[in-house]
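Number of protein chains: 4
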Amino acid sequence: MAKRTAIILLYCPDRPGIISDVTNFITVNQGNIIYLDQYVDRVENIFFMRIEWQLEKFAIPEEKIEDYFNTLYGQKYQMHFRLYFSDQKPRMAIFVSKMSHCLYDLLARYSAGEWDVEVPLIISNHEDMRPVAQKFGIPYFCLPITKDNKAKQEEIEMQLLRDNGITFIVLARYMQVISEEMIAHYRHKIINIHHSFLPAFIGAKPYHAAFERGVKIIGATAHYITTELDAGPIIEQDVVRVTHKDTIETLINKGKDLEKIVLSRAVQKHIERKILTFKNKTVIFN
Amino acid sequence: MAKRTAIILLYCPDRPGIISDVTNFITVNQGNIIYLDQYVDRVENIFFMRIEWQLEKFAIPEEKIEDYFNTLYGQKYQMHFRLYFSDQKPRMAIFVSKMSHCLYDLLARYSAGEWDVEVPLIISNHEDMRPVAQKFGIPYFCLPITKDNKAKQEEIEMQLLRDNGITFIVLARYMQVISEEMIAHYRHKIINIHHSFLPAFIGAKPYHAAFERGVKIIGATAHYITTELDAGPIIEQDVVRVTHKDTIETLINKGKDLEKIVLSRAVQKHIERKILTFKNKTVIFN
Amino acid sequence: MAKRTAIILLYCPDRPGIISDVTNFITVNQGNIIYLDQYVDRVENIFFMRIEWQLEKFAIPEEKIEDYFNTLYGQKYQMHFRLYFSDQKPRMAIFVSKMSHCLYDLLARYSAGEWDVEVPLIISNHEDMRPVAQKFGIPYFCLPITKDNKAKQEEIEMQLLRDNGITFIVLARYMQVISEEMIAHYRHKIINIHHSFLPAFIGAKPYHAAFERGVKIIGATAHYITTELDAGPIIEQDVVRVTHKDTIETLINKGKDLEKIVLSRAVQKHIERKILTFKNKTVIFN
Amino acid sequence: MAKRTAIILLYCPDRPGIISDVTNFITVNQGNIIYLDQYVDRVENIFFMRIEWQLEKFAIPEEKIEDYFNTLYGQKYQMHFRLYFSDQKPRMAIFVSKMSHCLYDLLARYSAGEWDVEVPLIISNHEDMRPVAQKFGIPYFCLPITKDNKAKQEEIEMQLLRDNGITFIVLARYMQVISEEMIAHYRHKIINIHHSFLPAFIGAKPYHAAFERGVKIIGATAHYITTELDAGPIIEQDVVRVTHKDTIETLINKGKDLEKIVLSRAVQKHIERKILTFKNKTVIFN
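Chains as they are written, first to last, in the working numbering: chain F, 1 to 286; chain W, 1 to 286; chain V, 1 to 286; chain R, 1 to 286.
Excised from the complex, chain F in its bound form (with noise of 0.2 Å):
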C-alpha cells in the first residue's frame, strides 16, 4: 500500500530562494520528499514546479498544509499554487458520440485499475455506447442534442456535473461543441482528442483533409479544450507514417490507436497531477 503524500504544483515570478524555501518547508517539518521537479521559463520568468511528501510523520495538521503554506510562501512569491491530498481520487466524467476505441481504451485502463480515478458517469448524445458502458457497469445518460435543445440538455449535464462531483471531463471523440459555460466552469480540466497533428487540419473531418494533401504522417493530440476550436493548451501528440498506399479508411484506421494512446496518456498526466498550464501551454512534469 502506498503511504499517503501531499503534492503541490505551483508556478510564480522566478525569484531566487523559492526551491530552497519549499523544500526547506517539507523537511524542516518531518516531509519526506519522494518527488521534486521544477522548471523555469526563462522567456516568460515564471518558475513551476511539482512537489510531493510522504505525510506519515508531517508536523503540519492536513487541514492546515494550505494555510500555513500560503502564508509563508504563496504570498511571499505571489504563487498560484494547488495542493492535493493522494487519496483524493479525481473523477472523471467521460463524454462519447458513435465510437468506441478511445471509450474501450479508457475502461480498460480503470477497469484494471491503472488509474487512481473514479468513473461516476459516461454522458453522450446517442444511444450507441450505452452497451459499452453497461459492460463496465458504468451510469450512462443519453442526452440527444438538437439546435432546439441544446441549451436545455446542457443545463442537465452540468447539474450531472456537479452531483457527481466530476473534477474534470473527457472528451473520448465526442462530437459536439461543449458549451462555453461549462468550457468556464471546467477551465484547463476538460480534455478533448483531436485526430491531426494541431495546429495542421483544425476543425471536421482532418482525415480527409490529410488524405487530399497527401501527406506522410498523420497524427493525434490531445488538449484542453478553450472556447476557441481546437486552440486549446497541447498536452501530448504522436504521430505515425502512411503512405500513398493508405485510403481515407485506413487512415482512420490507423488514427484511432494514435487517438486512443494519445488521449489515455493525457488523461493519465492529468489524474496524477502532472500537468499545470499556463498562458496556452503546459508544463508536463515527468
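Worth flagging that the hints you see were computed from the coordinates, not collected in a lab.
Predicted model, so just to flag it, every value in this text is computed and none were measured.
Warning: the hint list may mix true and false statements.
Mimicking DSSO-like on lysine-lysine, the simulated pairs with C-alpha atoms at most 27 Å apart in a straight line are [as the list claims (entries may be wrong)]:
hint, chain 1, residue 1, chain 2, residue 2
1, R, 269, V, 245
2, F, 274, W, 254
3, R, 89, R, 64
4, F, 76, R, 57
5, V, 98, W, 281
6, F, 135, V, 135
7, V, 245, R, 189
8, F, 274, F, 76
9, F, 135, F, 98
10, W, 254, F, 279
11, V, 98, V, 254
12, W, 254, R, 274
13, W, 274, V, 269
14, V, 269, R, 147
15, V, 147, V, 89
16, W, 269, F, 245
17, W, 147, W, 98
18, W, 245, R, 89
19, W, 89, W, 189
20, F, 245, V, 89
21, V, 254, F, 89
22, V, 189, V, 281
Reference listing, derived: stretches of chain V covered by chain R, where coverage requires no fewer than 3 residues with Cβ under 8 Å from a Cβ of chain R [unchecked claim]:
hint, segment
23, 36 to 45
24, 198 to 212
25, 243 to 256
26, 276 to 285
By construction, the Cβ of each residue, glycine as well, lies at the ideal position given by its N, Cα and C atoms.
Given the coordinates of chain F, work out where chains W, V and R should sit on it, guided by the hints.
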C-alpha cells in the same frame, strides 16, 4: 559493377492487362526484370508502375525502346511514361542561402559516392556558403537578389541551369521565392525542405510559430515546389518530440537534424527515379 | 456490402513470366483484380505474391479454382500457395494469463466490428480474466497447468481448438510454454507478443533486464512462435523512448501500450491474409 | 555574447536538504542560477544534480569555488562532483577508420560553430579519411595497427592525446578495439557509436545479423566504452523502421543516418556537460 538497366515510370487509367502486357514486353525481348512495383489509386482509378530491367540481352535497340513501348502500349493504355537508363546520372543544382547543415549533408553523401548524381554547381544569394562549396570543389555562383534585379538574376540562373544540363534542383534552405518561370520549366523537379510538418506552420518562422502554439512534436517536410507557397506534392516528412523545456533555439537545433535527413531522403528517392506525381500528390516506390 | 473476393498467397522460385501468367489467369477468366502486390527476395531468389480479385463474373467455379490454378501454374512454377475466400472468416482463439491490456484491445476491436474474424473461445491457465470474457460474452475455459497435468490439459486445449474450428491462436500475454505438438499443428499460426524489441532481452522479465542495462528505448515484438524460445518469424515491432527517470514500474506501464498495439497490428495483418513466412522471416504485404 | 557560467555536476547518497544547501550556496553568494535539474534514483537512493549559474557577481573567487564547495557540502554529503566553467571548451579527438558519414556530421557541426568544442586532431588506422580532415583543416594522424605494432601505436596515440590536451574521444565508426589503458585513462569519456539497438546484435556485422533475424526495426546506440564489448553506459539510441524489402545494403544505408544523428546527439550532451554516469548507466539532463 552494376549492370546497365532501363527504368520506366508510368501511370495511366487502370485497366486489366497492363502488368501482363508490360512484363511480357520485357521478358519476351529477353530483358531481365530486377524491379517491379505497382500501385492502383482506386479513388482516381489510376495505375502507377515502376519497372526496371537489365539491358544486356535486351533484343530492342536502346534508342528504339521508347518508340516501341509507346507504339505498343503507351497509346493503347493512354500512358504517361518516362524512360531512363541507369547510366544517365541526374544532374542536381543546389540552391542555398546562409545555413550549412543541409548543404553539408548533401555534399557529404555526394562526396562519399552514396548517390548516382552529378552536382555541377551551387547557386546562392549570399557569399556565406562559398567556403563549403570550395571544400568540395564545386563551382559556386553568388547571385544576390534585390527587388530591382530579381528578374535579371533569375535569367542568369536559368542560363546556368541550362548550360550545366541540370535535371533537378534542391533548395537546401534557400530563402527566396522561386520564379514562376523556373517552376514551370522544372515542374515537380524542384525539391524544397520546409521546417515544419506541413500543412502546419506554412510560411516564415515555423519554429517560432510552433513554440508559440506549444506543440509537443516538430517536423520537417520535403516537397516539390509549385507556385502556391508550401503547397506542392509532399515527398517525405518526419518529426521529433519536443517538450515545454525547449526554447526557440533548441527547437531550431533539433529541427536542423530533421531538415537535413528529410531532405536527403527525398533527394535520394528522386535520384533513384522512385517518385511519380499525380495531381498534387506523390507515389513513392520502395 | 463488399463484394466477395478470392485471395491467393503464393511463393516460388523466381522466374520470368509468373506475374503475367497469374494476372492473365484472372483477367482472361473475367476476374477483376483489386489487389496485387509482389516481392522478389533476390538473395534467396524467391518470388512472393498476394493477389485478390472479385468473384462476381469469374468464369471458373469456386470449388475448382484451386485445382485449375495448381494444374496450370502451381506445378509449372513449383509454387507454395494458399487460396482463401473473403467470406471465410479466420477463427481466432485467445490464450491469456492474468493481464488484461492485450485482451481488452483485441476484444474491443472484435466487438466494434473492426476485424473480419470470429472469436469462439478464450483459454487461460488462470481464472483472472473470466470477468473480461464475460463482459464480451465469449466462452472462457480455465485450464490451470502444473508440471503433472500439462500434457493432459494440452490435450483438452487441442480438442477445444479442433471443436471450434480454430484457424489461428493469439497469445495475449500467455505465460506458459506452448507444446511442440500445438506448435506443429498451428505452424506459423500462433502469434505471441514478447515485451522487448527482439532479439534483445529474450526470455523472462525483459523490462527488468532493460532497466538493468539502462537502455533509452524499450520495445515490443509480435512473432509467430516456433519451438525455439522467442526466435520465430517477426511480424511487427515498435518502440518507445524511455529515460533514466523510468522505473521498472513505469517501463512496464509504457510497455503495455506498445504490447497491445503491436500485437493487434500483427493480428490484423494475419486476419487480412497479408503475411507469408519463408524460412524464419515474414513478408508483410501492405 | 553569453555570460560566463560555472557548472556543477554531482551525485551523492540522497538526504534531505541537499537542494536547499546547494542553491543557498549560490544565491547567498550572488550567483544567478540559470539551470537546475536534479533526479533521485530511488532504487539506489542516489541524488543527481546539474546546476549552472552566472559568475558575474559571484562573491567567491573562481579558483576557490571548488575548495569552498567541497569543504562546505562535498564532504557533508559525500558528494562526487565536478566543477566546470563555460569558457573551458572540451577538447575532442575523433577516431575514424574508413567511413565518412559520422565524421562529416561531426565536422559540419563543429565547422558551423554549433558546438562549444575544440577538435585538435583526428586519429585513424587508415589513410582513407585524410582528405576529409584536410577539407576542414584538422591535423590527421594515420597510425595503422597490426597485431605486432598495436602496443607501440597506442603509446603514440596516448602521447598525441596528452600533447593536445584531449578531454574526450569520439569513435566515429573506428573499427579497432581500444586498449584498456586508454579506457582507464578516459573513463566514461570515450563515446562509441554501435550500429544496432544494444543489447541486440553486439559485436561485428550487426546489420547482417539484423537481416538474418528479420527484424522490423533497426537501431543505433551511442555509449561510453568500457572494457566489456558494447556493454558500457548507453547515452542515446534511436531506431528506424525496415521491412522485408530491405537488403543488407539498404539496411546499412538507413543505418548510416541513424548512426550519425545518434552519435552527434550523444556528443552534444557530453559537450554540454549534461551526462552523469553511475554504475553502468547514464543520467542525462535536459
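Among the hints numbered above, which are violated by the structure, and what are their numbers in rising order?
-> Checked against the structure, the hints that fail are numbers 5, 14, 15, while the rest are satisfied.
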